[in-house]
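*Asks:* What follows is the residue order along each chain.
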Amino acid sequence: MTAKVMLCRCEDVTLDEVDEAIALGHTDIESVKRYTGFGTGWCQGKQCVTLCARVLAERTGEAPTLPFTPRPPVHPVPLGALASLGAHGGDDDA
Amino acid sequence: MRSRARVVVIGAGIMGLATAYNLAKRGVTDVLVVDRGYLCGGASGRNGGGVRAQFSTETNIGLMRESIAICRDFAAEMRINVWFRQGGYLFLARTPDKARALEESVALQNRCGLSTRLLEPWEAQRIVPELSIEGVTRASFNPDDGVVFPWPFVWGYAKAARDLGVEVATFTEVVGFETRGNRITAVKLRPTTLGEVNRHEEVRPAGEVFSVACDEVILCAGAWSPQVAAMVNVALPNHPHRHEICSTEPLKPWLGPLVADLTDGLYFSQSMRGEIVGGVSVDPVPEGIDQQSSSAFLAKYARSLVRAVPRMATVKVLRQWAGCYDLTPDSNPLVGRIAEPENLVLACGFMGHGFMMAPVMGRLLAEHVITQQTSELFARWSLDRYRTGRLLHESMIIG
Amino acid sequence: MAPRRIDARELPAGSALARRLAQIEKVARAVTLEHDGTPVEARAGEPVALSLAAAGRLTLARSPKYHRPRGAACLRGDCDGCLVRAGDQPGVMACRLAADSGMKLTSQNAFPTAGFDVFAVTDWFFPKHLDHHRLMVDFGDAVNRTMQVFARRMAGSGTLPELPTGVVPHRTRDVDVLVVGAGRAGLAAVETLAREGLSALLVDEEPAPGGAQRDRVDLAPERPTVSVDAMFDATAAATYANETLVVQHGAITRVTCRARLFATGTRDVIPAFARNDLPGVVTARAFARALTWGVLLGERVVIVGPAATGARVNEVLRALGVKTVYAPDGEVVEAHGATAVRKVTVREKGATAEHRCDVLVCADEPVPAYELAGQAGAGLAWDHDRRCFAPRSDDEGATERDGVYVAGTVRRRMSDEQRSDDGVRVARRIARDLRGSR
Numbered sequence: 001m002t003a004k005v006m007l008c009r010c011e012d013v014t015l016d017e018v019d020e021a022i023a024l025g026h027t028d029i030e031s032v033k034r035y036t037g038f039g040t041g042w043c044q045g046k047q048c049v050t051l052c053a054r055v056l057a058e059r060t061g062e063a064p065t066l067p068f069t070p071r072p073p074v075h076p077v078p079l080g081a082l083a084s085l086g087a088h089g090g091d092d093d094a
Numbered sequence: 001m002r003s004r005a006r007v008v009v010i011g012a013g014i015m016g017l018a019t020a021y022n023l024a025k026r027g028v029t030d031v032l033v034v035d036r037g038y039l040c041g042g043a044s045g046r047n048g049g050g051v052r053a054q055f056s057t058e059t060n061i062g063l064m065r066e067s068i069a070i071c072r073d074f075a076a077e078m079r080i081n082v083w084f085r086q087g088g089y090l091f092l093a094r095t096p097d098k099a100r101a102l103e104e105s106v107a108l109q110n111r112c113g114l115s116t117r118l119l120e121p122w123e124a125q126r127i128v129p130e131l132s133i134e135g136v137t138r139a140s141f142n143p144d145d146g147v148v149f150p151w152p153f154v155w156g157y158a159k160a161a162r163d164l165g166v167e168v169a170t171f172t173e174v175v176g177f178e179t180r181g182n183r184i185t186a187v188k189l190r191p192t193t194l195g196e197v198n199r200h201e202e203v204r205p206a207g208e209v210f211s212v213a214c215d216e217v218i219l220c221a222g223a224w225s226p227q228v229a230a231m232v233n234v235a236l237p238n239h240p241h242r243h244e245i246c247s248t249e250p251l252k253p254w255l256g257p258l259v260a261d262l263t264d265g266l267y268f269s270q271s272m273r274g275e276i277v278g279g280v281s282v283d284p285v286p287e288g289i290d291q292q293s294s295s296a297f298l299a300k301y302a303r304s305l306v307r308a309v310p311r312m313a314t315v316k317v318l319r320q321w322a323g324c325y326d327l328t329p330d331s332n333p334l335v336g337r338i339a340e341p342e343n344l345v346l347a348c349g350f351m352g353h354g355f356m357m358a359p360v361m362g363r364l365l366a367e368h369v370i371t372q373q374t375s376e377l378f379a380r381w382s383l384d385r386y387r388t389g390r391l392l393h394e395s396m397i398i399g
Numbered sequence: 001m002a003p004r005r006i007d008a009r010e011l012p013a014g015s016a017l018a019r020r021l022a023q024i025e026k027v028a029r030a031v032t033l034e035h036d037g038t039p040v041e042a043r044a045g046e047p048v049a050l051s052l053a054a055a056g057r058l059t060l061a062r063s064p065k066y067h068r069p070r071g072a073a074c075l076r077g078d079c080d081g082c083l084v085r086a087g088d089q090p091g092v093m094a095c096r097l098a099a100d101s102g103m104k105l106t107s108q109n110a111f112p113t114a115g116f117d118v119f120a121v122t123d124w125f126f127p128k129h130l131d132h133h134r135l136m137v138d139f140g141d142a143v144n145r146t147m148q149v150f151a152r153r154m155a156g157s158g159t160l161p162e163l164p165t166g167v168v169p170h171r172t173r174d175v176d177v178l179v180v181g182a183g184r185a186g187l188a189a190v191e192t193l194a195r196e197g198l199s200a201l202l203v204d205e206e207p208a209p210g211g212a213q214r215d216r217v218d219l220a221p222e223r224p225t226v227s228v229d230a231m232f233d234a235t236a237a238a239t240y241a242n243e244t245l246v247v248q249h250g251a252i253t254r255v256t257c258r259a260r261l262f263a264t265g266t267r268d269v270i271p272a273f274a275r276n277d278l279p280g281v282v283t284a285r286a287f288a289r290a291l292t293w294g295v296l297l298g299e300r301v302v303i304v305g306p307a308a309t310g311a312r313v314n315e316v317l318r319a320l321g322v323k324t325v326y327a328p329d330g331e332v333v334e335a336h337g338a339t340a341v342r343k344v345t346v347r348e349k350g351a352t353a354e355h356r357c358d359v360l361v362c363a364d365e366p367v368p369a370y371e372l373a374g375q376a377g378a379g380l381a382w383d384h385d386r387r388c389f390a391p392r393s394d395d396e397g398a399t400e401r402d403g404v405y406v407a408g409t410v411r412r413r414m415s416d417e418q419r420s421d422d423g424v425r426v427a428r429r430i431a432r433d434l435r436g437s438r
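The listed protein sequences correspond, in order, to chains A, B and C.
Per our numbering: the first sequence = residues 1 to 94.
Per our numbering: the second sequence = residues 1 to 399.
Per our numbering: the third sequence = residues 1 to 438.
Check each hint, because a few of them may be wrong.
[To be verified] Over the 12 Å line for every Cβ pair with chain A, so calculated as not near, a few chain C residues:
#1 Arg-9
#2 Phe-111
#3 Glu-162
#4 Asp-218
#5 Leu-245
#6 Leu-278
#7 Thr-283
[Claimed, not checked] Label-pair distances were calculated between CB atoms; the ranges are:
#8 B:Asp-163 with C:Asn-242: 44 to 50 Å
#9 B:Ala-76 with C:Pro-127: 24 to 30 Å
#10 C:Pro-164 with A:Ala-23: 47 to 53 Å
#11 C:Phe-232 with A:Ala-63: 36 to 42 Å
Quick caveat, the hints were computed from the structure, so don't treat them as lab data.
We put the beta carbon where it would ideally sit given N, CA and C, even for glycine.
Please work from the sequences and hints to get the whole structure.
*Replies:* This is the structure:
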């Protein structure tokens, strides 16, 4: 296995790739996310947002302001469970 | 930033950038594109990437054929992959009126030279064997339609435009206009921050407002267009309409076409990464610009999708998000010069298919600005139709 | 040496971990799973990722682009490391799946196996990174299109289930306060809320209360009693303006409430260094969690980083007679190995040294699990001290969104006692606010 520094392991995004994105002018975290795809996989950023924000801060010399918008769900949810919410007749115990 | 530009384009979504690129390609390079957020932050970065010619008006069919051709050549011309995959669009109808609308559009599409086929439900299932056709009465399929990965279009146009001398200024918001007589003389701008853009915080007391003088303004701000136009006292009839999308875990490829159900507004396709990406129409939605996600959407989408593909039930949703459609009362865009101010050109109201139309609209808008001539198309799509009452129609709207 | 199971007798009698393991051994029931066609002995109820690790099966999948080997790294559902197909269901996190007899698990995205994957050549072909934006754009249209067809075939991890399964019915709950996280802060909060006469629902993704304490190798087993309404093995998976979706055993409970308290604690993150994604590179909390289940993830262990979990793990390993290198002030420069970590380069106090190992434990300071609070509308800000994002809150845990509160270590570093105190403090504030809004 090559010596890549993996910033986002779910989507195989390397430090080198984030550096290239920054060099191309993507200097805010939302833009870096979109250009590299980091944070869009299984963990939805739980592992990688911190690492990428630290790299961005180092490269730009500015403290990060916000993470990218945390999108629901925080943990994968099966469609079959969600489908019940769209129907009537849920088991109501409230 | 430059203090004057021949053309200021408002909105660095695909519409604005495609227009700027086409202007520059035709020699008009003194162009400034401004956007209050980051690239791909608006609808251009939030849509499902569908590109189709299956529409119900000759105009849209013709334009989309050209857009599809541009998509096919985009990677080679702009040197960035857009992952255009022509897996076709499979439309489904479950009610008699939707079936009739489908039959009429297919007849028109065939007259226009498209190879769209009207299908019996079992034929639709031959194209997507995983599909449940319970309740489906009619279907149509066009193999030339497809899906793209939307973001590289934005980066591709932005880079190509910049290489030709266009300035693209993100995190720069329009706060007003300077006018003289019947003309805009300058655009007033203000720098924004990620905090403002993402948290929808109230606009803070002006940062450094500054002006950029210009000869021409093109309004490509999508769902934000009415509020920008209002700054120069132009009342536009379009309004934002939240549309939500979600994406599942990545699966090995199994789904060829984009499937769209005209009856409940469900659509879904498989991205190049393997995720099933799709949406469904939800009513009612909050008024105004709202990009929040809702559970009501996930619930309806999941229910529709599991009905359409029962084998998806244990597949998991990884992420949901929302963007704004830019709706007009007659489902057709607002394009071209207006009476007052005379140097404001509209390019908005694209109903949720602005992304797929932008490649061709960019060319038409650039030509319109350069030649100062109004085509028959622009006359039909002009704001003026709301004054004269010559309204239009389009039945093939999804979501 | 490969990972192995340990038993209570290997540890000093009466030590905290020995007592924990003795308790597990007392009730342990042996079951047999199947992984890629091979039978694997396991204990019923333990995380499947640990059953597989104990059987020496560390490499479970391949990564999406470069087909690099993947193995369990966080053991808390926060990464992609242990994804398997379980029965007919793709993309199941094996760390969140309780072992049961007859389970059939299959590797995903591996050709032919997770251990040896021919597409790992991609990793060597693109030693820095694969620029998918510009891949094959310079070789003409035909080459570009062929590449796209190939790329599509390679995409995805699991395959679509073979069989349709039905819609899983949901339940609904309406309470005054939803509390997410049954650690010290969350537990203290629900007790206080109950005393204040409010109805609270406590949810936690673990099978029992305790939060971070459950993974403490230095604490004897304890089962905090929960007198209020609680759901365990239940993940607060998404929260919206009007409701929160809690997923328990594949079914959703839709919770509406007047206030939401997120006592979601922290998570460990593996820092950035070369080959930080190798199987065998794990977080300190993951390593500790494995120990509490009686699984030792390696026999030569390097522990790097200042977090307390690292020191605690080191102490237990010494007691077990396991060779460790402990570098609390060090930082990892590079991990080495082909399909699992074999060696690590560590820089500490200006000196760089290489250590052979079969596990690298990353003991960086944990970061706040802010996502749910963020989705609920809490403001987020950069914490300069911890170099990570954290929710913004006032002294009493109120965020800038009405009805959204945070308590415990998701806010800032706290001692064990401070966490309980914080839970009480924030719960009192919630009670005050809710009385005011009646």
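*Asks:* Decide, holds or violated, for the assertion that all CB atoms of chain A are farther than 12 Å from the CB of Arg-9 (chain C).
*Replies:* Answer for Arg-9 (chain C): holds, closest chain A Cβ roughly 36 Å.
*Asks:* May I ask you to check that Phe-111 (chain C) keeps its beta-carbon over 12 Å from the closest beta-carbon of chain A?
*Replies:* holds (16 Å)
*Asks:* Quick check on a hinted range of 24 to 30 Å for Ala-76 (chain B) and Pro-127 (chain C), using CB atoms only.
*Replies:* holds (27 Å)
*Asks:* Hey, does Leu-245 (chain C) actually stay past 12 Å from chain A on C-beta?
*Replies:* violated (7 Å)
*Asks:* Per the stated criterion, does the least C-beta distance between Leu-278 (chain C) and chain A lie above 12 Å, as a non-interface residue requires?
*Replies:* violated (7 Å)
*Asks:* For Glu-162 (chain C), is the shortest beta carbon distance to chain A beyond 12 Å?
*Replies:* Consistent with the label, Glu-162 (chain C) stays out of reach of chain A, its closest Cβ about 15 Å off (over 12 Å).
*Asks:* Is the Cβ of Thr-283 (chain C) farther than 12 Å from every Cβ of chain A?
*Replies:* violated (9 Å)
*Asks:* With 47 to 53 Å as the target window, see if Pro-164 (chain C) and Ala-23 (chain A) comply at their CB atoms.
*Replies:* holds (48 Å)
*Asks:* Against chain A, does Asp-218 (chain C) keep a CB gap of more than 12 Å to every residue?
*Replies:* holds (26 Å)
*Asks:* Per the hint of 36 to 42 Å, is the separation of the Cβ atoms of Phe-232 (chain C) and Ala-63 (chain A) within bounds?
*Replies:* Since Phe-232 (chain C) and Ala-63 (chain A) have Cβ atoms about 38 Å apart, the given range 36 to 42 Å holds.
*Asks:* For the range 44 to 50 Å, tell me whether the beta carbons of Asp-163 (chain B) and Asn-242 (chain C) fit it or not.
*Replies:* With a Cβ separation near 48 Å, Asp-163 (chain B) and Asn-242 (chain C) satisfy 44 to 50 Å, so the hint holds.
Of the hints listed earlier, those the structure fails to meet are numbers 5, 6, 7, in rising order.
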